Amino acid sequence: MRRIWSLVFLTVLTFSTVWAEGSKETKGEGSVGAASGFANKTLNVAVFQGGYGRDYFDAVAAEFEKDYPGTKINVTASPRIWDVIRPQIVAGNPPDFVYLSEGDQGGLTVGMIKDRALLDIGDVFEMQALDQDAKLKDIILPGVLSSRFCNPYGDGKIYLAPYNYVVMGLWYNKNFFDTNGIQVPKTWDEFFALNAVAKKHGRALFTYQGIYPGYLEEIIFPAVWAAGGDEALKAFSNFDPNFWTSDAGKKTAALLERIGYTDNVLMKGTVALNHTQAQTEFMKGNAMFIVNGSWFESEMKDAPREEGFQFGFAGVPSFDPKTPVSCMASYETFFIPAKAKNPQLAKEFLRYLYTKKSVRLNGEKASGVMAVKGAVELVKDVITPAAYNTYKAVESGMYPVAGRWAVLPSNSKLVINDEVYNPIAGIMNRQMTGAEYAAKLDKIWKQARKEIDAASGQ
Amino acid sequence: MRRNGIGKTHAGDTGFLALCLLPGLLLYGFFMLYPAVRVFGASLFEWSGTSDTMRFVGLDNFKYLFTDKNALKSLANTGLLMLMVPVPTLALSLFFAAVLSRPDIPERVFYRVVFFFPSIISFVVVAILWSFIYHPTMGLLDYLLKGIGLGGIEVPLLGNEKTVLPAIAVILIWQAFGYYMVMYIAGMDAIPQDIYEAAELDGASKTRQFFCITLPLLWELIRTTLIFSMNGVIVISFTVVNILTAGGPNWASDVALTNMYRQAFGNANFGYAMSIAVVVFIVSVFLSVLSRRIGRDNNDL
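Those protein sequences? They're chains A and B, same order as listed.
Residues in the first sequence are numbered consecutively from 1, following our numbering.
Residues in the second sequence are numbered consecutively from 1, following our numbering.
Read the hints as simulated data drawn from the structure, not as lab findings.
Being a predicted model, the structure only gives us computed values, none of them experimental.
Where hints are given, some of them may not hold.
In silico lysine-lysine, BS3-like type, Cα no more than 25 Å apart, as pairs [claimed, not checked]:
hint: 1; chain 1: B; residue 1: Lys69; chain 2: A; residue 2: Lys440
hint: 2; chain 1: A; residue 1: Lys284; chain 2: B; residue 2: Lys146
hint: 3; chain 1: B; residue 1: Lys69; chain 2: A; residue 2: Lys446
hint: 4; chain 1: A; residue 1: Lys443; chain 2: A; residue 2: Lys413
hint: 5; chain 1: A; residue 1: Lys440; chain 2: B; residue 2: Lys73
hint: 6; chain 1: A; residue 1: Lys446; chain 2: B; residue 2: Lys162
hint: 7; chain 1: A; residue 1: Lys413; chain 2: B; residue 2: Lys63
hint: 8; chain 1: A; residue 1: Lys440; chain 2: B; residue 2: Lys63
hint: 9; chain 1: A; residue 1: Lys250; chain 2: A; residue 2: Lys450
hint: 10; chain 1: A; residue 1: Lys301; chain 2: A; residue 2: Lys392
hint: 11; chain 1: A; residue 1: Lys450; chain 2: B; residue 2: Lys73
hint: 12; chain 1: A; residue 1: Lys186; chain 2: A; residue 2: Lys392
hint: 13; chain 1: B; residue 1: Lys146; chain 2: A; residue 2: Lys443
hint: 14; chain 1: A; residue 1: Lys347; chain 2: A; residue 2: Lys157
hint: 15; chain 1: A; residue 1: Lys200; chain 2: A; residue 2: Lys174
hint: 16; chain 1: A; residue 1: Lys301; chain 2: A; residue 2: Lys174
hint: 17; chain 1: A; residue 1: Lys199; chain 2: B; residue 2: Lys146
hint: 18; chain 1: A; residue 1: Lys72; chain 2: A; residue 2: Lys347
hint: 19; chain 1: B; residue 1: Lys73; chain 2: A; residue 2: Lys413
hint: 20; chain 1: A; residue 1: Lys443; chain 2: B; residue 2: Lys69
hint: 21; chain 1: A; residue 1: Lys72; chain 2: A; residue 2: Lys365
hint: 22; chain 1: A; residue 1: Lys380; chain 2: A; residue 2: Lys357
hint: 23; chain 1: A; residue 1: Lys413; chain 2: A; residue 2: Lys357
hint: 24; chain 1: B; residue 1: Lys69; chain 2: A; residue 2: Lys450
hint: 25; chain 1: B; residue 1: Lys63; chain 2: A; residue 2: Lys450
hint: 26; chain 1: A; residue 1: Lys268; chain 2: B; residue 2: Lys162
hint: 27; chain 1: A; residue 1: Lys66; chain 2: A; residue 2: Lys135
hint: 28; chain 1: B; residue 1: Lys162; chain 2: A; residue 2: Lys357
hint: 29; chain 1: B; residue 1: Lys69; chain 2: A; residue 2: Lys413
hint: 30; chain 1: B; residue 1: Lys146; chain 2: A; residue 2: Lys446
hint: 31; chain 1: B; residue 1: Lys73; chain 2: B; residue 2: Lys63
Chain A with its partners taken away, still in its complex shape (with noise of 0.2 Å):
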C-alpha cells in the first residue's frame, strides 16, 4: 500500500515541475527569463549595508524573482556583513555573490585578491547586455574594466565588476565664490594665489580629514597624474623604484610641503580633526577647500553651514594651464568568490544588475550611480544636485584618474595607505618636509618592488 502512495507521489512530484517549466514566459527582449537553464535556482548574496542601504539589492532580488521564475534570492545584509561571511568563506563554503564597500573594513577583499580566491569573470562582460544590443564591457564606462579595481593583478583578466562610482576632488562654497568673483582653480598656482583673497576673508585655505589622512589620495593620484600622465600614475601605483626620484614624484612632495608650510593654507587645528568635523568646519567657513566625494551632501545633510552655503566642486588642479583638470574616480564593486557553490547564476544575477531598470532602481534606492554609460541621466532626479554636478563635470572634460596600488604578495607586511599617508601629518605639523616624505617612500617603494618581485619570481 505504501509502496503506490511513494509512486502516485512521485509521479505527481514529476508532473508538477514539468508543468512549471512549461508555464515559463520568456520576455521579448534578450534572454531574460531563461531560468530554465540553471541547475542550481538558489542565489546567496551577501551585501555590505552602509551609505547606499540594502533596499537596492533587496528591490533587485525581487525583480530578478519575477523575470526568471523558480529562482530564488537570498539576500544577506549587515553593517558588519564581513564578520557574517568571513566564517562561511574560511569553512569554504562562501556565498554565491558579494557586495563589500571600497573601504573594505574587515580587509575581506584585499585578502580574497591576496589569496586569489575570486572568480575570472571576464566572459560575463563579453556576453550581451540583457536589455541592450550591445557587449556588456561596452555599456561600462570606459576604462573601469581595465583600471585595477576590476583587474588587480594588472593582467587584464576581470575579477570584480564595478557598481557605483564616485568621483572625488576639491570641494568650495559655490556661493561665497560667485558672491565674491572668486574664479575656480585651475592649477595649484591659481590655488595657493587664493590664498591672499582667503586672509582677506578670514578664513583658512584648505582643510582636510584630519585623523584619516587617506581622504588626500583623492589629491594626490590626480595631482601624480598631472605631474607625469599615465607613466608617472603607473610608476606611482606599481611601486616603480625610481618613482620619487622623478619630476613627477618631487613636484607631489614639493606640493604636500607647501600645502604645510605656506601660512593660512592649511586651517588651524586641521591635524586633529575626524572627518565629520573637518567638514562641518569646511561648511561653516573656516577653510575655502576640502578634500571629499560625490556623498558629500548627502552625508552631511543635516550639518550646521554658513549662510547660503552651496556645494560646489572643483576637481583637481593641474600643474599647467595644458593639463586638463582632474579628479579622483573610485569604483564599488561586486565578486564572485571561486568557491561560490552557484557561479552559474551569480554570472546571470550579475548581468542582470546592468540592465536599464537596475540602474534606476539603484538611483531610486540607494541614490547611487552605476558605472555604466547614460546611468547619470538616468538618475538625475533622484541624486543630490552636488552629486549630479560632479558626474557631470566628469562627462564635460575632468580627466577622471582610477587611483589603486598593485597587489602586494600575501605576506607582505606593508600596510601601504598608511606608509603613503600618516606621515603627511608630519609635512602638515611641520616636523617633516616634501624632500624627507619623499626620501622615506622612495625606501618604501623599493621594499615594495623587491616584495612583488620576489614573489612573482618563486
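Got chain A; can you put chain B on it based on the hints?
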C-alpha cells in the same frame, strides 16, 4: 544527600560540585582557552583570515616583528603609556580614597559617586566625549585655556606627535581612577580602627598614619590593582586610540593592539597579527610577575 559532619565533603557532594562547575568550565574552555591556543598556533602560520589554507612559516612572523618599525613603535608607545598611566592612576585613587574616608567631609558620598562614574561609561563613549573636549577650536579644553587667559595657545593636542600620547594617558587615568578608588575605600574600611586610635595616642599625624599604617596594610591590594591597571592600559588604549586618532599622527599614538587589528583586518595578515598578540601576552605576563616580585620585596610584614 545527608551530611554527617559540618565542613566535610562527601562523594555525592563532589559530584554535585563538579556538575555546578561544569558549565562554567566548558564556557571558559571553549571561549577563552581554545581561542588562546588557536592564537598561539596561528602565529606560526601565514594566513589571510579569508581562506581555509594556512602556510606554516615557523617563527618567521616573530622575526619580522622585531624588524618592523611600525610594530616596534606601537610596542614602545604601549610601554610609554604603561609608564604614564598606572602609577598616577593608583596614586590618585589612593589619595582620594584616603581623603574620602575621613568622617568630617559631609559630601563624600557625592564625590565617591561622581569619581566612580567614568569607569562605568562604555569606552567608546569615553573616547567620543574626549574627542570633543580636545577639539582644537570648540573643545572644553580650548574654552578652559581661553578662560584663564591662555587662549593664544591653539593646541591641537591630538594632532601633534609629542602631545598625543600624554593626552591619551590623561583619558586613561580619568577613566580608571574612580574604579580603583572604590576598591581602596573598601580595603581601608577593613582596617580595624584601633590601630589608628593607638597611633593617634602616640602622636602620629594623619599623614604619618597613612604612610605607616594604611599603605602597608593595603599593599597586597595595591599590587593586584597595579596588574589590573597595566592590563587596562593595553585593552582600553585600543578603543580610545582607534576612535580618537586612528593611530596617528604618523604612528605616534599607535598602540600594540591597534597595530595588531590593522594587520589582521586591514592587511589580511592574520598569522602576523597573532604573533603580535603573543608578544603582548608574553610582555603582560612578564610585567605581572615583575610587579608581584617587587611587591614582595617591599612587604616585610
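Taking the hints in turn, this is what the structure says about them:
Distance restraint check for Lys69(B) and Lys440(A): the Cα-Cα separation of roughly 13 Å lies within the 25 Å cut-off, and the hinted pair is therefore satisfied. For the given pair, Lys284(A) sits about 21 Å from Lys146(B) by alpha-carbon distance, which is consistent with the 25 Å threshold. With a CA separation close to 16 Å, the supplied pair Lys69(B) and Lys446(A) stays within the 25 Å bound. At roughly 15 Å between alpha-carbon atoms, Lys443(A) and Lys413(A) fall within 25 Å of each other, so this suggested pair holds.
Under the criterion of a C-alpha separation no larger than 25 Å, the hint pairing Lys440(A) with Lys73(B) is consistent with the structure, at around 16 Å. With a C-alpha separation of about 29 Å, the suggested pairing of Lys446(A) with Lys162(B) is violated against the 25 Å cut-off. For the proposed pair Lys413(A) and Lys63(B), the alpha carbon gap of about 12 Å is at most 25 Å, so the pair holds. Our distance criterion of 25 Å between C-alpha atoms is met by Lys440(A) and Lys63(B), whose separation comes to about 23 Å.
At most 25 Å may separate the alpha-carbon atoms for a hinted pair to count; Lys250(A) and Lys450(A) meet this at roughly 22 Å. For the proposed pair Lys301(A) and Lys392(A), the alpha carbon gap of about 21 Å is at most 25 Å, so the pair holds. Of the pairs offered as hints, the one joining Lys450(A) and Lys73(B) holds, with about 24 Å between alpha carbons and a cut-off of 25 Å not exceeded. Note on Lys186(A) and Lys392(A): the hinted pairing holds, with a Cα-Cα distance of about 17 Å set against a maximum of 25 Å.
Restraint check: the Cα-Cα separation between Lys146(B) and Lys443(A) comes to about 44 Å, which exceeds 25 Å; the hinted pair is violated. Straight-line distance between C-alpha atoms of Lys347(A) and Lys157(A) comes to about 15 Å, which keeps the hinted pair within the 25 Å bound. Of the pairs offered as hints, the one joining Lys200(A) and Lys174(A) holds, with about 18 Å between alpha carbons and a cut-off of 25 Å not exceeded. A hinted pair counts as satisfied when its Cα atoms are at most 25 Å apart, and Lys301(A) with Lys174(A) qualifies at roughly 17 Å.
A threshold of 25 Å between alpha carbons decides the hint, and for Lys199(A) with Lys146(B) the separation of about 23 Å falls inside it, so the pair holds. Straight-line distance between C-alpha atoms of Lys72(A) and Lys347(A) comes to about 15 Å, which keeps the hinted pair within the 25 Å bound. The suggested pairing of Lys73(B) with Lys413(A) holds, with an alpha-carbon distance near 15 Å, which does not exceed 25 Å. Restraint check for Lys443(A) and Lys69(B): satisfied, since their Cα atoms lie roughly 13 Å apart, inside the 25 Å limit.
Only pairs whose Cα atoms come within 25 Å are accepted, and Lys72(A) paired with Lys365(A) is accepted, the gap being roughly 21 Å. As the CA atoms of Lys380(A) and Lys357(A) are separated by approximately 14 Å, the hinted pair is consistent with the 25 Å bound. Distance restraint check for Lys413(A) and Lys357(A): the Cα-Cα separation of roughly 43 Å exceeds the 25 Å cut-off, and the hinted pair is therefore not satisfied. Note on Lys69(B) and Lys450(A): the hinted pairing holds, with a Cα-Cα distance of about 18 Å set against a maximum of 25 Å.
Distance restraint check for Lys63(B) and Lys450(A): the Cα-Cα separation of roughly 18 Å lies within the 25 Å cut-off, and the hinted pair is therefore satisfied. Proximity of Lys268(A) to Lys162(B) is assessed by CA-CA distance (about 17 Å); at most 25 Å being required, the pair is judged to hold. The hinted pair formed by Lys66(A) and Lys135(A) meets the criterion: a straight-line CA distance of about 24 Å does not exceed 25 Å. Proposed proximity of Lys162(B) and Lys357(A) is contradicted: the alpha carbons are some 55 Å apart, above 25 Å.
A threshold of 25 Å between alpha carbons decides the hint, and for Lys69(B) with Lys413(A) the separation of about 11 Å falls inside it, so the pair holds. For the hint pairing Lys146(B) with Lys446(A), the CA-to-CA distance comes to about 48 Å; that exceeds 25 Å, so the pair is violated. About 16 Å separates the Cα atoms of Lys73(B) and Lys63(B), which keeps this hinted pair within 25 Å; it holds.
The structure is inconsistent with the numbered hints 6, 13, 23, 28, 30, although it conforms to all the rest.
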